[in-house]
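First to last, the sequence lines map onto chains F and S.
When we follow the working numbering, the leftmost residue of the first sequence carries the number 1, and every step to the right adds one.
When we follow the working numbering, the leftmost residue of the second sequence carries the number 1, and every step to the right adds one.
It should be emphasised that the hints constitute simulated quantities derived from the structure, not laboratory data.
Keep in mind it's a predicted model, so treat the numbers as computed, not measured.
Wrong hints could be hidden among the right ones.
Dumping the calculated SDA-like pairs for lysine to any residue here, alpha-carbon to alpha-carbon at most 20 Å [claimed, not checked]: (1) K71/S <-> E20/S; (2) K118/F <-> E54/S; (3) K121/F <-> I55/S; (4) K129/F <-> K71/S; (5) K121/F <-> K71/S.
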Amino acid sequence: MMFDLTGKTALITGASGGIGGAIARALHAQGATVGLSGTRTEPLEALAAELGERAHVLPCNLSDKAAVEALPKQAAEAMGSVDILVNNAGITRDNLFMRMSDDEWQSVLDVNLTATFKLCKGVLRGMMKARWGRIVNISSVVGATGNPGQGNYAASKAGVVGMSKSLAYEVASRGITVNAVAPGFIATAMTDKLSEDQKAKINAQIPAGRMGDPAEIAAAVSYLASPEAAYVTGTTLHVNGGMAML
Amino acid sequence: MSDVADRVKKIVVEHLGVEEDKVTESASFIDDLGADSLDTVELVMAFEEEFGIEIPDDAAETIQTFGDAVKFISQAS
Chain F
1 MMFDLTGKTA LITGASGGIG GAIARALHAQ GATVGLSGTR TEPLEALAAE
51 LGERAHVLPC NLSDKAAVEA LPKQAAEAMG SVDILVNNAG ITRDNLFMRM
101 SDDEWQSVLD VNLTATFKLC KGVLRGMMKA RWGRIVNISS VVGATGNPGQ
151 GNYAASKAGV VGMSKSLAYE VASRGITVNA VAPGFIATAM TDKLSEDQKA
201 KINAQIPAGR MGDPAEIAAA VSYLASPEAA YVTGTTLHVN GGMAML
Chain S
1 MSDVADRVKK IVVEHLGVEE DKVTESASFI DDLGADSLDT VELVMAFEEE
51 FGIEIPDDAA ETIQTFGDAV KFISQAS
């Protein structure tokens, strides 16, 4: 156990994915009760079964505005409170800028940025009253560096950083911290599909010479969610093997 | 003073840590009682809970003074 989160409750979006699942496992291992949110119920149920006690399944499609608004309440009802919010869910709809449709732009902004905004807003009341809260928003290295074909995704992830900093200012005096974690290339089911040649090209851009492991993102989130990180707010923790030193 | 006014005053005194006699009808939360903008949000949250009402954001913005709060809550509850 890295930190002690016994008695804390954590809502994690995108918990059915590789990184989200790792974050949920890490927070749970440190004693937190976890609310597992995601679009696909089946992997959430499987993760909850693996974790055993202190795990709640909270399916939510973040493209659905009403569902996003309902999620903080459902989480608070299931767990008693939401002390820690990890906005990890994200989608990509890559296309060259000149070919990008309004729909490709908007759908990525809706899920990655607007849903993050709404979920932050939805958990703040409880955190303000408790005078304690941790919000960790998952950004991306491309939010800082840009990436061809990802104008929408990069904008959403840079937006998450600016939004997190603004909120961090507003609630710092109430014991609530708001930070971002910006992963670089992380080995997940998505990157498993790449050819060895593609992987070698990616690894050549990374000083560490390899992709990151989801558990390495989860460790960064665990720190920012911990009582020990009370004096860290408005920051972005880059976890990218040295790919971009920011 | 009405029951509503007493309950509102108690919340204001506790939350902002001000003397009770400073909380007059025309006392502005921000200008006279030292609240910052986030304090006013928290006061509205506390009023909602105390009186079991919902104060929409646009109405909350019109509640600037102790008198405003008492008037709004008296009408809403």
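Each hint tested on the structure:
| no. | hint | result |
| --- | --- | --- |
| 1 | K71/S <-> E20/S | holds (18 Å) |
| 2 | K118/F <-> E54/S | holds (19 Å) |
| 3 | K121/F <-> I55/S | holds (16 Å) |
| 4 | K129/F <-> K71/S | violated (25 Å) |
| 5 | K121/F <-> K71/S | violated (28 Å) |
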